[in-house]
Structures are given as structure tokens and as C-alpha cells.
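Knowing the structure of chain A, use the given hints to seat chain B on it.
Listed in order, the protein sequences are those of chains A and B. Residues 1 to 404 (this note's numbering) make up the first sequence, in order. Residues 1 to 499 (this note's numbering) make up the second sequence, in order.
Just so you know, not all the hints are guaranteed correct.
Unchecked claim - In silico lysine-lysine, DSS-like type, Cα no more than 27 Å apart, as pairs: (1) K207/B / K58/B; (2) K58/B / K188/B; (3) K142/A / K371/B; (4) K377/B / K58/B; (5) K294/B / K142/A; (6) K49/A / K272/A; (7) K44/B / K223/B; (8) K249/B / K158/A; (9) K360/B / K400/B; (10) K247/A / K249/B; (11) K476/B / K421/B; (12) K104/A / K281/A; (13) K142/A / K249/B; (14) K225/A / K58/B; (15) K88/B / K223/B; (16) K249/B / K182/B.
No wet-lab data here; the hints were simulated from the structure.
Spelled out from the first residue to the last, the chains are:
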Amino acid sequence: MAEAYIYDAVRTPRGKGKQNGSLHEQTSLQLATQVLQALRDRNNLDTSKVDDVYMGVLSPIGEQGGNLPRIAVLNAGYAQTVAGVQVERFCASGLEACNIAAAKVKSGEAELAIGGGCESMSRVPMGSTGGSWATDPSIAMKSYFTPQGVAADAIATKYGFSRTDLDQFAVQSQQRAAQAWKEGRFKKSIVPVKDQLGVTLLDRDEFMRPETTLQSLGALEPSFKMQGEVMPGFDGVIQQRYPEIEKIDHVHHAGNSSGIVDGAAGVLIGTKEMGDALGLKPRARILGGASIGTEPSIMLTGPEHVTHKLMKRLGLKKEDIDLWELNEAFASVVLRWVQALDLDMEKVNVNGGAIAMGHPIGATGAMILGTMVDELERADKERALITLCIGAGMGTATVIERVN
Amino acid sequence: MENFKFDVDSDGIALITFDVPGRSMNTITGSVMRDLITLVETIKSDDKIKGAVITSGKVSGFCAGADLGELNQRGAAKEEAPKSEEEKLKKQFDQSFTLNRSLRAGNLRQAGGRCARGPRPRRRSRNRARVPLSRRRRQSEDQVRPAGVEGRPVAGAGGTQRLPRLIGVQNAAMMILQEADKSPQEAKGLGFINEVVEPGKTVEAAKAWVKANPKAIAPWDVKGYKVKDGPFTPAGAMAAVGGNAMVSKQTNLNYPAQRNILSCIYEGMQVPIDAALRIESRYFIKTANTPQAKGMIRTLFVNMQALGKGGNRPEGIPTYDVKKVAVIGAGLMGAGIAYVQAKAGIETILLDVSQESAEKGKAYSQRIVDKDVSRGKITKEKGDALLALITPSTDYSLIKGADLVVEAVFENVQLKAEVTKKAEAFLGENAVFGSNTSTLPITGLAEASARPKNFIGIHFFSPVERMGLVELIMGKETTPETQAKAIDYVIRSARRRSP
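Isolated chain A, as found in the complex (with noise of 0.2 Å):
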């Protein structure tokens, strides 16, 4: 079997997710157009010889709908031999997209393919494209389905985390974030988005608030307090699957919370051959990647199983990965992997994460493996894991080797 290996690893700055963000007067289709030309020019690939493009979409509705990716490819110039399929797995659907394009490499059905994704929260909110989980009885009850922010806040309550023990790994994430940006050490991937004239409409992520504090965090109000204790009340139905827990804390506010943002990212996958054919230089080896459905109404604990399934499959041990990233979607879903994986909270999410910078949700699993790529280079280690939580409770993850 083929080995693949990943040539670049391209992103938009993330904007604002709001109708005031920096990157809602570009379409979803530029962004995604952007990032697969950045792609063409950063490495002067001749586009013929990409046989398919990836993306992760969470919202394929509207502009974002009808397979995206296909339609980028088309608008960005590409060869029209290269394919493109729109992928969906919630919140993974960007690392997912790499992992399938991986897989083909690896197979022989692809020597050259694209994984990424892209989401533009500001033009198409999130829900947009609806879905029975949440809505067709005959499932939503028996499955005991409670949203992403009461099932966070369970997390946190089940697992032991207080309010402060999340707003202070929220005040690490926007340092972490900050000191990265200060060090340039994003400069590698970041593409900055152009507007409709060529001119530069951002070129950082807009979201960040270094100036973050304990105090300034504990301002916040609860965001999930109402609908888990109110209207509807999903504490209730949780606490019919956990009735060990006997009241829910609720801990998660905007502040330790994923943000809102729009954007887009682009890995460049292929071969050996292919790459030396091209001549480009290879940048990290893909070990492997794998994916896990878990409980679903507490729902975000995928990635502690899905690092244990990856990592036996790969024969991996704890000490073999250097950095471990897992995407911010809420403070309590890191602790809790964290926790359960007894990780050295150094060499976790090194960079910060969503919290500080957000969640593109379609793109972001392609943006944080291409920030792996760029910190195993600039850090001088071996392997990292990259893995993200999932609705409907699935966990998603991918081992990468830097090649020297």
C-alpha cells in the first residue's frame, strides 16, 4: 500500500461568524476557491494531475450546497478533470475530508488529492440544514438527545471541572493563541482573503481576545442554563442517561466555548512519486486516521475513544506523540480528554484553539492538522494526533510524522 504524505497545508484567517465579520461579504465559494488556488500557485501544481478534492461542509445548504468543493474547483481555475465531493461528519467534516483523501492515496484510487474544508457561519448558520435527531421523535427520545452546550456542561459536572477550572484553560487558549500569532508561527499556512477587487480583506483571525482574564471571563453568563433547565429543559432528559448526575452545573459560556468564525483550509496529499514527479517536498507522513461513534447524548467524549482506537491500531504508545490537539469546542471536552488520557497539558493544544480563535466547523479539522504540520516543523518533533469531538457523539482523529 501506498504511503501519503501531505505536501502543504493552506488556511483562511478565521472572521468574525457575524453579519460584522470581516469575511461575511466574501462568498463561501471564494473562500474555498482561495484556498484551492493558494494551494496551485504556493506550490506551481500543474492541477491536471489532482484526481479529487475533499471538503468538509456542515452546512451544504444555499451557497455552501449543490457539492461546493466540485464547484470551487470549477471557479478556481482547476483542470476540469479534478473531481470534487462535499463531506459531512458535524464538527470532523474538515479532517475527515484528509482522511479520505488520504485513504485514496493510500489505496491507489488517488495520487494526488486535496482534503479541506470550508464554512461560512456568517452567510450559513449553523442548523440550516435541519436533520431528525433533534426533531423525529422515534429517535430523539430513545437516544436521549440533549444539545452540544448542555451536553458540555455534563461533561464538566460528571467529570469534575468547576467554572474556574474551564475559564482558566480558556484564559491559556487566547495566551497560547496570542503568543503564536506574536511569533508568526501561523505565518506558514495563512492565506490571506482577497475581496472582490484582489485587495487583502483579512489576513489575521479576527476572533482572538488576548486580553482575557479570569475576572473578565467570570462575567459571563451561562449560555445552556436556560434550555437545560428551563425550556425545555434538556438537564431532564440527560439525567435520564447519567442519573448519577444530580444536577447539572452549568459551566460553559461564549467565553470557554468554541467561537463562531468563518473560513476555510486545504491539504495537499499525495504519493511519493507523485510528489517527486512534481517536485514537491514532502512536509509530514499521514499514519493514519480513524473514526468512533460513542454515546450519543453526552456526545463529545469521542476523542478519548478514538485516540485509544487510532493509537492501538498504530501500535502507538502515549510517548511516541509529541503534540496533541483536540478542538476546542468547549473548555470540558479537553479537560475531560485530558483527564482520560492523563496528557501533559503542555504538550496539549499548544497553539490555543477554537476558543481564542474559533470553529469554522466545516474547516476546522483541516486547519488544526495543517497547524500540526507547521508546529512539528517549527518545534523540531516527530508525531502528532489531531482529533476533534463530534455530534451525535463520534470522535474523529489522525496520527502525523514529520518527514525530516
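Frame of chain A, contents of chain B only:
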């Protein structure tokens, strides 16, 4: 047709009076279903009939829903056994769906009007909600309060489909799940009745409506009709997600009827009405076949009716006329027992160790009566009469002439023994001594009694005025006669609404 009277007036408007013989309340029995189909065929085939108005011949209201007694007997009749589970279900579906099929057949359409369940007796003085119905070849079997939960299975007659289409998913779901009564004004505001008219003028008004709306057609039968708040609209999604959460929280997933009602709405709102009605019928059967529905119908309806009529009462013992009962111990239980039996018109002696405690026990009844009077539930006179029946005292000699004693003192064998002896000193030879104990064995307590044959456990549950359950416990020596007497007392005192 045994269940309906059918008269066509000179304007060609049929008046259909729903009046199931020998019942105080109309229910949908198999015979009613057959009659309804005949009615539909008659109206369809007779060109002279321009429209129809349907009304009830019962003062109790229009219709209570499916006939639970009959539903409970389903499958008991001698029929050829179905060959497979699938065949059995198909047959059940066909039976359940016959009415809908008949109503929807050909060009027959539901009209704009529908039948609101009539006001409850206590609302008799108010205006009556009315119910204009149908025009030529139009007919509606709708019931606005579709029987839903609490042992009543999902109405298989379209309630979960038509009501949301009339008043919106959220309003309809709340009404169906909570079996919420609506006043005529509220019903009109929500849009599921057309008019509110003076009592006695309903038929007249309905006929006038039929004449004025000869082309009435149900909204869902108008071409291009779309459900506005299906589960994938912003409003509908909120209702669907919230509804699932609330039902799952409130029922702990133990009531399939509730969940299936939501499924009827969720699935039904996404398809045209005919498909929706089929879906509803399937969930109706699914629900009726669950052990939960069967159990609830048996316990809450069939057995409840049987108990109310003295089921388990030993035969051949004349009815014991309970006129005077002494309650010993005026704590929470004693006070509650005093209230329910006084409410049933029984002369009540409420005894305790001090006059103050006994008065305190009576004050419990005073509070309930005051509240009911202030809310207009009972008149001041009736309240006063009820209170006048309760005599608080410390004097055991008042027990003289009592038909029965209920002892509700602390759970202490010695204390109970003492009280038993004190009471029996004044209690007639044939009167019954009942202990409200929840934990102590009756045979043991009866040892203190000079007449253990008359000694029985009569255990009420708290709060007595709200809990219908009473547990009767036989001691080793308790006679069937005593048992019969205790049952007569319980039935008498359980009749909470004295006439």
C-alpha cells in the same frame, strides 16, 4: 343506525344526532364506526341533501373518544386467527382505517366545521361551543380533543393530523398531549371552532352556517395547501425539538402514547393529509398494542369501573348504609379522611387527644372548602353543609351510633391497641373498626379488639382528597361481611362529588 338519529329538513340540511343508546357518554364503538360509514354513504348518494349538521344527544358532551371497553376486548371475538404477525397488523390497520377511508373516498371532502367536544357539565351555564359542520356531501368525524394519553390511545380518527393543520403544530401538540380543555372563546381564538352561540341555538346557528357556506372545504383540501410549521421550518423545529425534550422528561419514556403522538405529528406534517391519516392509524395500532396501553386501559379504566361498582365485594351481603363514621386521630391523614367522607355526606366525628388538635384537623377541611368557594367550584351553602357534618372532639362517647371507625393515630402498636379498646367501648356490635395503618400487620392490631371479625385495614393515601386509591387489608379473622361493609364505605366516600 342505532347510534344516530337522522332528519333532513326542508332546506335539505340533515341533522345528525349522535346518541349511543344506553350510555351516559358517546364513545366510538365498532357499531358507531359502521353507522358513520352508512351516514356518509347516505349523504353522498342523496342529492337532496345539501349539507349536514352533527350534534350530540347527550348533555355530557359530544364524544369521549375511542371506546376503551371495546378496545380492551379487541381480539377476544371468535375470528379466524391471522396467519402471521404481519397479517394481524394489516387487519388491525384495515379495521382502524375504514372510517377514514370512507370519509376520504371519491370526492368526499371534509368541511370547514368540526366537532368540538361539548362543554363539561360544570360549564353548563356558559355559552356552548358550536360546531357547524359540512355541506352537501360533507361530513366530519373530527374530534377536537383527540383522546391521547392516560390510557386513552391515540385517536385513530385524524385528530393528530387535522388539529395541527388548523391551529398550528405547537398549539395542537400541547392540547393533544395535555388533554387540555379550552373554553369556547379560547377555542374560537385558536381557530378550531367557527362560532360561539347561546345555549340551545347551536343547531340553528350551524344550519345557518352550512347554508351560508355551501362550498366550504377543509383548508388541507384546498389545492396548493402546505403545512406552514412542519418540523423543518424555524417555528416547527422549535416545537418539535422542545416537544421531544419535554415529553421525554415528563414521561421518562414510559408512555408510548405520548411519543407516538409526537411521531404522528412529526411524520404527518411532512406529507399530504391522506398519507398522514394512514400514518396516524398505524401509530394508533402500534400504541394500542403496547403492553403499556393495554395495562393502562385495564387498570385505569376497566378495573377502575369495576372497583367503582364494587368489584371484589363478597356476594350476597346487603349494602351497608354508612351514615356516621368516627375518625380517630386528626393529623394529616385523619383530617383528609374526615374531609372526603364529609364531602360524600357522611356524618363525621373527628377525635383527637385535645380539642385544639381536633379543631386543627377540621381546619384542613375549612381551607379546602374556602378555596373551592372562592374559585366558584362549590357554593357557600354546600361548603357550609359539608363543614357542619364534621364534629371535632375529644369525647369518645360520640362514637355511639357510628357505622364505622377509622383509626389514624401514630404507627404505634400500644397506642393503637388503647384507641381500639376505647373506641369499641362505644361502638355498636356490628359496626366496623378500620385501621389506616400503612405498616403494621392487621392481624396483630386486631388482637386488641374484642371483635377481630369486624376489624380491617382501610389504608388511605396522602393527600387523601386527591388520591383515589384505598387499600383494604384483611386480618386473619376479618369476615367477608366486614370486607363488604368496608368496600361500601370506600365507594361511598370515594364519591367525591356529592350530588
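Can the restraint linking K207/B and K58/B be considered satisfied, given a maximum Cα separation of 27 Å?
holds, 19 Å
Restraint status (C-alpha distance of K142/A to K371/B at most 27 Å):
Distance of about 42 Å is beyond 27 Å: violated.
What's the verdict on K44/B and K223/B, does the C-alpha distance respect the 27 Å limit or exceed it?
Satisfied, since the Cα-Cα distance of roughly 22 Å is no more than 27 Å.
Decide if the proposed pair is consistent with the structure: K88/B and K223/B, CA atoms, cutoff 27 Å inclusive.
Measuring from Cα to Cα gives roughly 36 Å; hence the hint is violated.
Check whether the Cα positions of K247/A and K249/B lie no farther apart than 27 Å.
holds, 14 Å
Does K272/A lie within 27 Å of K49/A when you go C-alpha to C-alpha?
Holds - the C-alpha atoms of K272/A and K49/A are around 14 Å apart, at most 27 Å.
Holds or violated: are the alpha carbons of K225/A and K58/B at most 27 Å from each other?
Violated. K225/A to K58/B sits at ~50 Å, over the 27 Å cutoff.
Check whether the Cα positions of K476/B and K421/B lie no farther apart than 27 Å.
Since the Cα atoms of K476/B and K421/B sit roughly 19 Å apart, the hinted pair holds (cutoff 27 Å).
Taking only the CA atoms, is the gap from K249/B to K182/B under or equal to 27 Å?
With a Cα-Cα distance of about 25 Å, the restraint between K249/B and K182/B holds, given a limit of 27 Å.
With the threshold set at 27 Å, check whether the alpha-carbon distance from K142/A to K249/B stays at or below it.
holds, 12 Å
Going straight from one Cα to the other, do K294/B and K142/A come out at no more than 27 Å?
holds, 21 Å
Is the Cα-Cα distance between K377/B and K58/B 27 Å or less?
holds, 23 Å
In the structure shown, a violation is registered for the earlier hints numbered 3, 14 and 15, in ascending order.
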